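S.K.: Chain by chain, the residues run as shown.
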Amino acid sequence: MRIKRTILFLCAALSLATAAEVRPPAQVTAGTAFSIATTGGGDAAFYLIGPASVVKRQAKLGADIKVEADEVKVAGRYVAIACGSDGCSSAPFYVVAGEPARVSFLLHPSRVPVTARNAINGTAFVFDKFRNPVLRPVTVDFKVGPKVGSPFTKSVKAVQGVAWMQMSPTPKEGPVKVIATLAGNEEPRVIQQVASDACNLRIRAQRTSKGVLVETDPVKDCSGNAVPDGTVVSFTIAGEKGRTTVDAPIKKGVARVELPITGRATISVASGVVIGNEIRL
Amino acid sequence: MKQLFKAFRGMRRSAILTLLLFTGLCSYAPMLFRALRADSLPQVKLNADSIAPRSIEDLTGRNVTRDYAYAWRDLAHALEANRTDLLNDYFTGFAKDKLTQRIADQKKTGVTVRYVDHGHNVKAFFYAPDGGEMQLIDNAQLEIQVLDGGKVIHQETLTEPYVVLMTPGADRWFVRSLDAFSNK
Numbered sequence: 001m002r003i004k005r006t007i008l009f010l011c012a013a014l015s016l017a018t019a020a021e022v023r024p025p026a027q028v029t030a031g032t033a034f035s036i037a038t039t040g041g042g043d044a045a046f047y048l049i050g051p052a053s054v055v056k057r058q059a060k061l062g063a064d065i066k067v068e069a070d071e072v073k074v075a076g077r078y079v080a081i082a083c084g085s086d087g088c089s090s091a092p093f094y095v096v097a098g099e100p101a102r103v104s105f106l107l108h109p110s111r112v113p114v115t116a117r118n119a120i121n122g123t124a125f126v127f128d129k130f131r132n133p134v135l136r137p138v139t140v141d142f143k144v145g146p147k148v149g150s151p152f153t154k155s156v157k158a159v160q161g162v163a164w165m166q167m168s169p170t171p172k173e174g175p176v177k178v179i180a181t182l183a184g185n186e187e188p189r190v191i192q193q194v195a196s197d198a199c200n201l202r203i204r205a206q207r208t209s210k211g212v213l214v215e216t217d218p219v220k221d222c223s224g225n226a227v228p229d230g231t232v233v234s235f236t237i238a239g240e241k242g243r244t245t246v247d248a249p250i251k252k253g254v255a256r257v258e259l260p261i262t263g264r265a266t267i268s269v270a271s272g273v274v275i276g277n278e279i280r281l
Numbered sequence: 001m002k003q004l005f006k007a008f009r010g011m012r013r014s015a016i017l018t019l020l021l022f023t024g025l026c027s028y029a030p031m032l033f034r035a036l037r038a039d040s041l042p043q044v045k046l047n048a049d050s051i052a053p054r055s056i057e058d059l060t061g062r063n064v065t066r067d068y069a070y071a072w073r074d075l076a077h078a079l080e081a082n083r084t085d086l087l088n089d090y091f092t093g094f095a096k097d098k099l100t101q102r103i104a105d106q107k108k109t110g111v112t113v114r115y116v117d118h119g120h121n122v123k124a125f126f127y128a129p130d131g132g133e134m135q136l137i138d139n140a141q142l143e144i145q146v147l148d149g150g151k152v153i154h155q156e157t158l159t160e161p162y163v164v165l166m167t168p169g170a171d172r173w174f175v176r177s178l179d180a181f182s183n184k
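Going down the list, the sequences are from chains A and B. Residue numbering for the first sequence follows this note's numbering, starting at 1 and increasing by one per position. Residue numbering for the second sequence follows this note's numbering, starting at 1 and increasing by one per position.
Please note that a few of the clues may not be correct.
[Claimed, not checked] For lysine to aspartate or glutamate, the following DMTMM-like pairs were computed, each having C-alpha atoms within a straight-line distance of at most 20 Å:
id : chain 1 : residue 1 : chain 2 : residue 2
1  : B       : K184      : A       : E99
2  : B       : K107      : B       : D74
3  : A       : K56       : B       : E80
4  : A       : K157      : B       : E133
5  : B       : K108      : A       : D70
6  : B       : K108      : A       : E68
7  : A       : K60       : A       : D86
In case anyone wonders, no lab produced these hints; they're calculated from the structure. As the structure is a prediction and not an experimental result, all values here were calculated from the model.
Kindly produce the complete structure, drawing on both the sequences and the hints.
M.R.: Written out as C-alpha cells, the structure reads:
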C-alpha cells in the first residue's frame, strides 16, 4: 500500500515537473488558419515568432491555440512558445508557400539588334498570392510573339523559384512581345528588335554644278531590315589634294552628301565595321 | 620586523587591487564580448562552382560574400536592438519589408530575438545573364535566443537553410529576399 502511494506521488510530482508542451503541425500552408495542441494546464503566455511577425497573447494550456490565417501569411520558419507557471516550452514549424499565383518577370535588353545571338534573356520569379517565393518546381511558359512570323512558346521549369530563358532575336525588326505565363497569370514585356549592321552597302555618284553628289542605295541589314535613320555613314574621298572623310546620317533610308570635287578622285563608303563599294571619278 | 610588516601591507594592497580589477573585468565581460562580437563579421563561405547561366567574376564573388556578411551582421543588430535603420544599408525589397514588420511587432510585444552567428555555407546557383540577380542557398549556423523583457524564453542552436536573392546596387549587393525553408 505504501509502495503504491509512493509511486502515485512520484507520478504526480513528475507530471507537475514536466513543462507543458506545444505541438504545432510540422508544416502549414501560408495564409491557412490552424491550431496548435498544448499539454499541461493553467494560463500561459503564447508567442509565435515568424520571419515577419511576432505575436504574443494569453492562452490556456491543455487546450488548442488557434492561429489565424493572417498570422502565417509569410512563408518561413516559425517558433511557437508557451510559457506557463512551470516554465517555457517551444517547437518550430514551417510555413510553406501556397499555390503559384504570381510571376515577376524581367526581360533584357530593351533594344536588341536582330543578329545578336542569344542576346535576349528573361528571368521569372514565381510567387504565391502572398508574395512568398514558390520553391517547388513549377513550369513557366514564355510566349514569344514577333511582329512578323508565328508566335512560339518556351516552357521552362523553375528551380528554387526562378525560371530563366535565353533566346536569339527573330530575323525581322520591330517589337517582340514576350509574356511569362503561370497559372493564368500573365506578365507581358516588349522588346524592340532593331536592324543590325548595314549589309551590301553601295554608293553611286553624279556630277553636279557644285561638285559631286554621292548617295547610298537604301541601307539595309543582311535580313533586309532598313538600318535606322540617324545611323552614320562615312564617305572617304582620296583625291589630288589628299584624303578627306565626310560623315552623313541616314535620312529616309539613304545617306547623301555633296562633295566639292573637280578633278579625279576615289570615293569609298563605310558604316560601322561594314565597308561598301568604291567609285573612281 | 617593520620591513616585513610593510611588505605584508604592500602585498595585501596589491591583492585587493587585483581582486577589484578581476571583479570589474568579470562584471564588464559580457558587455566587452558583446561589443567585440558586434564589430566582427559573420564568416561567409561562397561556393559558386555550379552557378548558371553566367559564371561569377572573382571580384563579384568577393563583393557578394562581403555584403552578405554585412547584411547578417546588420540583421542581428537590428533584431536585437529593435532598430529598423540598421536594415537600410544591405536590405531592400521584401527582405527589408519583412524584417521591418518583425521589428515593429517586437517593439509592440516587448520580445527581442538575439542571433549568435556561427557562419554561413553559401552556394550560388543562379546568376542572371545580364548580371541583375543572383540567387543563393545558405546553410546558416545560428544560435537563436528569444527574450521577453530580458528573460530568455527560447534558445536553440541550428543549421537553417535559406534561399536568398541578391541584386546589385551602385556600390554593393543588396539582400532582396531571405527566406528560410524546410529541406526535409
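S.K.: Does each hint fit the structure? Answer for all of them.
M.R.: Hint by hint, here is what the structure shows:
Between B:K184 and A:E99 the alpha-carbon distance is near 19 Å, which keeps this suggested pair within the 20 Å criterion. Under the criterion of a C-alpha separation no larger than 20 Å, the hint pairing B:K107 with B:D74 is consistent with the structure, at around 17 Å. For the hint pairing A:K56 with B:E80, the CA-to-CA distance comes to about 17 Å; that is within 20 Å, so the pair holds. Distance check on the hinted pair: A:K157 and B:E133 sit about 18 Å apart at the alpha-carbon level, within 20 Å; holds.
Note on B:K108 and A:D70: the hinted pairing holds, with a Cα-Cα distance of about 17 Å set against a maximum of 20 Å. The hinted pair formed by B:K108 and A:E68 meets the criterion: a straight-line CA distance of about 18 Å does not exceed 20 Å. With a C-alpha separation of about 13 Å, the suggested pair A:K60 and A:D86 falls inside the 20 Å cut-off, and the hint holds.
Checked against the numbered hints listed earlier, the structure breaks none of them; every hint is satisfied.
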